[in-house]
Each structure stands twice: as structure tokens, then as C-alpha cells.
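Work from the hints to combine the two standalone chains into their complex.
Residue numbers (the working numbering), protein chains in the order written: chain A, 343 to 549; chain B, 3 to 111.
These are computed hints drawn from the structure, not numbers from a lab.
Mixed in with the good hints, there may be bad ones.
[Unchecked claim] In silico DSS-like cross-links for lysine-lysine, where the CA-CA straight-line distance does not exceed 30 Å:
{"#": "1", "chain 1": "A", "residue 1": "Lys474", "chain 2": "B", "residue 2": "Lys83"}
{"#": "2", "chain 1": "A", "residue 1": "Lys380", "chain 2": "B", "residue 2": "Lys83"}
{"#": "3", "chain 1": "B", "residue 1": "Lys29", "chain 2": "A", "residue 2": "Lys474"}
{"#": "4", "chain 1": "A", "residue 1": "Lys548", "chain 2": "A", "residue 2": "Lys491"}
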Amino acid sequence: MTERTSHDHAADEFQKDEEIHGYYQFLGLAIEELLVEKGIVTGDEIRATIERRDSITPAIGARIVARAWTDPPYRQRLLTDGTAAAEEFGCEFDATELVVVENTPEAHNVIVCTLCSCYPRMVLGLPPSWYKSREYRARAVREPRAVLKEFGTELAENVEVRVHDSTADMRYLVLPMRPDGTEAMDEDALAALVTRDCMIGVTVPKV
Amino acid sequence: MRAPHDIGGLPAGPVDTEPHAATFWEKRIDAINVLLGDDKRRILSRDERRLAIESLGEEVYQTLGYYERWTAAVTRLLLQKGILSQDEIDAKIAEIRARMGEAEEKTEA
Chain A
343 MTERTSHDHA
353 ADEFQKDEEI
363 HGYYQFLGLA
373 IEELLVEKGI
383 VTGDEIRATI
393 ERRDSITPAI
403 GARIVARAWT
413 DPPYRQRLLT
423 DGTAAAEEFG
433 CEFDATELVV
443 VENTPEAHNV
453 IVCTLCSCYP
463 RMVLGLPPSW
473 YKSREYRARA
483 VREPRAVLKE
493 FGTELAENVE
503 VRVHDSTADM
513 RYLVLPMRPD
523 GTEAMDEDAL
533 AALVTRDCMI
543 GVTVPKV
Chain B
3 MRAPHDIGGL
13 PAGPVDTEPH
23 AATFWEKRID
33 AINVLLGDDK
43 RRILSRDERR
53 LAIESLGEEV
63 YQTLGYYERW
73 TAAVTRLLLQ
83 KGILSQDEID
93 AKIAEIRARM
103 GEAEEKTEA
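Chain B extracted, bound-state conformation (with noise of 0.2 Å):
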């Protein structure tokens, strides 16, 4: 059977020739996976993060996107190293929303 990222020859639909420029978020995605890698830290491979994307299960890759995709996995690959625990990803992410929500409101008043 084919793993979900393994498509080479099946069938799609027409390609959307359209660039669209790479977006502030999916650069700092970019940037972070670069850095994890460097000589410096020598966090995570390359390797690694191919074979944690390869390993996110069919409706996961299917459903995200591209840079979302590396976000999931490079998450899952920290977690395993124990370099960042769930508990802590959980409140950062509350504290940002809240953090963001707050800039809105401050705007629109």
C-alpha cells in the first residue's frame, strides 16, 4: 500500500499555476526548522523531520497544509526528544490566543 506523502503518477487535477508568496508565518516555520538543524544545535535532521511528515497518518496529511505539516511534525519531535512537554504547548497556546485577542479589541475600540 502507498504511504499518504508517496503520489508520484496518481491521478490530480489541473496544477494552480498562481504563485503565491510564502507568508510571514510559514517563514518563521521555515526559519525554525532551519535553525533546530544547524551545526549550532543539532536539534533535529532533516531525516527526522522527512520521516515525522511521512508518519503524520493519512487524514493529517491530507487535511493540513504544507507548512502546517511541519509544524505538526517538528511539534511531535520535540516532544519526543522532551525538549517541549504538551502541558507547556497547551498554555503558550492559550496565552497567545488571549495575548492576540486582546491586540484585536485594542484595534477595533
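In isolation and in its complexed conformation, chain A is listed as follows (with noise of 0.2 Å):
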């Protein structure tokens, strides 16, 4: 009879839905444990880790965009110290600067990080699968109105598009525009306008 006493293997956990293949998830697992059992991290901070992680999610960074709209001095405070205009929410960022690009009629924002993935995580949480992908990376500084066409998302020729290429210590949030017909909306109601995707930029809010 195997005996099963420990709560401590990573690989116990996962449940039957997520299938563990390959050398490098074993690789991932084995290294998790092996820092366990030397007493380098536990298995509660790891818990942990991954809870604070799940905890933050776009909704923070559209409760900051929905504020922006509707307090003057405060959309004037996240343009020129996003950092700091983020910690009134509650982000913590570690040695690395939030930089709020804000779009109007004459520019629209979007942002990549062509050498890796750097992303506004304290602000979004973790970046979705494409932020990460080579087609996204590779292209969005070449041909950005071509990628932004395949999000739904078409901009009059007019509208000059910046592409902000980020690094680990200077991460970039859009700021999108307030779409019209909202002038009755609170602040709650404009925060659910705004999606992840418009914060970087692939989409523009829509009533």
C-alpha cells in the first residue's frame, strides 16, 4: 500500500482536469518540491503566492480608468505619476514605474513588450496568452493597425497609433476615452465599460 501522508507535493494537487506531460512540467514540479523539503519556500507560501495573484485582475485597473473620467485632478495625478496614482489603489509595485498613456481623438495607445512580457501586472494581474505570443510581439510595432483589426478594433486613418514598447522597470497602461452617450454614468457604471483589453490598447470601450 502506498503511503500518502503529505499535503506538500505539488503534483498531488492538480486536479484531474489539468494533465501534467512532458519534461518541463515534471521539471517545474520537481523543482517546486525540491525547494519545499530544503526549507526554501513552503508550500503555504506558495498557496499564497498564487491567491494574491488570482486577487488582482483588470477590475482594479478599470476602477482607476473609471476614476480618471469622473475626478479631474485625479486623471491629472495617474498622467504624471502613474506609480503613485495606482498605490491610492491599493497596487504595490516593486522597483518598477507605471507610465498612463492616455488616448484622444488625434492619438491612440497600445502596448507590447517585444523582447518578453513585461505587462502592468500590479495593476491588470497576469497578461492574457496572445500579450505573450510571438505573432503579438513581432507585429505590433510593424504593422499595429493590422493587429488591432484582428481584436474587432478598425482607427480612421487620421488617428496616429503609438506603440509603447515595455520594459521590466517601466510598464504602460492605456488610458482609454470616455465613450460618449456615458455623461449619466457613476463610476461604478463606467468601471464596467472598461475591459483589459482596452488597457492595452487592442480595443476601445463601448456603451
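Written out as C-alpha cells, the structure is:
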């Protein structure tokens, strides 16, 4: 009979619907178990870290955008010092700066990380898989309009497209334009219009 | 010559705009990276990890998925720093494979 006493075995925590196969998947589990056995990290710390990550979602970014739309002094703070303005919403930055770029009728902003996957995680959580893909990273800087079309976004020819290439030390967030017809909406209703993709700049908010 | 990670501006196919949620395995790899670099441990820095990923070589870089590259890079750094040995890792992988294989047999039985 197999003895099963430890719940610190990473491999035991997997649900039936997630298949573990391939060398690197086993390697990842092995590294984790060895680090736990050596007392370098604990299972509780891993679980707490995942929970903290999961708690950061684009809803935080959406609240920041909605505040900027309804509170002109906050908008000014956000554009002047994005890090400090996001910290007002409880975001935590670790030696990283947040730069907020504002869409206007003349200019539309898009963010990318061509070299890896730098992303405003502190405000939006983990990046979507396409943000890390070869296709997005390679093409966003060369043919942004074509890439935006793949997300269903068509910009007028006279709108300038500005693509911002992020680094580990400097992350960007797009402040979209408040859509027409939202004059009567309060901050919560406005936040509900703001999606993750709007804040990356591949789409625009719609009513 | 361009390094394998330096792909900005190169031709590539259409973007798969479908969002795929991070798997539990991916989240664990992410968490381990966060913990190894936090103030309590300071075992590896973000820049060390990035350099390790960028040094995986063209073939490995192109073949592996995103978090697989992270896993490969972190493994190399932990080996270099003498925190883990290759023998320990190989033995642990064999143990996990055996353990998970047994669990599967139990389920099927």
C-alpha cells in the first residue's frame, strides 16, 4: 500500500482536468518539491502567492480608469505619476514604474513587450496568452493597425497610433477615451465598460 | 545578428486573440519565481532570470512554451548557484512520475 501523508507534494494538488505531461512540466514540479523539502519556500507561501496573484484582476485597472474619467485632479495625477496614482488603489510596485498613456481623438496608444512579456501586472494581473505570443510581440510594432483589426478595432486613418514597448522597469497602461453617451453613468457603471483589452489598447470601450 | 528573443518587427502570423486562462501549473511556476526573488530570499533577480531566458539558445527558445522557458531558466540558475544538483532533480522527476503514474492506475482501477 502506498503511504500518502504529505499534502506538500505539488503533484498531488493537480485536478483531474489538468494533464501533466512533458519533461518541463515534471521539471517544474520537481523544482518546487525540492525547494519545499530544503525549506527555501513553503507550500503555504506558494498557495498564498497564487492567491495574491489571482486577486489582482483588470477590475482594478477599470476602477482607476473610471476614476480618471470622473475626477479631473485624479486624471492629472495618473498621467503625471502613474505609479503613485495606482498606489492610491492599493497596487504594489516593486522597483517598477507605471506610465499611463492617454488616448485622444488624435492619438491611440497600444502597449507591447517585444522582448518578453513585461506587463502592468500590478494593475491588471497576469497578461493574456496572446500578449506573450510571438505573433503579437513581432507585429504590434510593425503593423499595429493590422493587429488591431484582428481584435475587431478599426481606427480612422487620421488617428496616429503610438506603440509603447515595455521593459521590466517601465510598464505602460492605456487610459482609453470615455465613450459618448456615458454622461449619466456613475463611476461603477463606467468601470464596467473598461476591459483589460482597452487598457492594453487593442480595443476601445463600448457602451 | 538578432538574439532569439529579439523579435520586434519581424513577420509573423495572425494573433490568436482567444484568451487562455493560466493553468494551475503555470501559476505555480510564476509563484516560485516571485518567491525566489522576494526580499525574504533574494535568490534570483528579475534581471538574472531574463538573462537566463535570453541565453537558452535559439532552438530551446523556439520550442518551449512561455512558462517552460521560465522553468528551464530557473533550473539553470538554481544549478549554477549550487542550490540544487542535477542528480537531485533527476531523482525527483523519477519519483513524481512514479507517484503520478500510481495515482492514475488507482483511478482507473
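The hints, checked one at a time:
1. With a C-alpha separation of about 28 Å, the suggested pairing of Lys474 of chain A with Lys83 of chain B holds against the 30 Å cut-off.
2. For the proposed pair Lys380 of chain A and Lys83 of chain B, the alpha carbon gap of about 15 Å is at most 30 Å, so the pair holds.
3. Taking the CA atoms of Lys29 of chain B and Lys474 of chain A, the gap is near 15 Å; set against the 30 Å cutoff, the hint holds.
4. Taking the CA atoms of Lys548 of chain A and Lys491 of chain A, the gap is about 16 Å. The hint holds against a cut of 30 Å.
Comparing the model with each numbered hint stated earlier shows that all of them hold.
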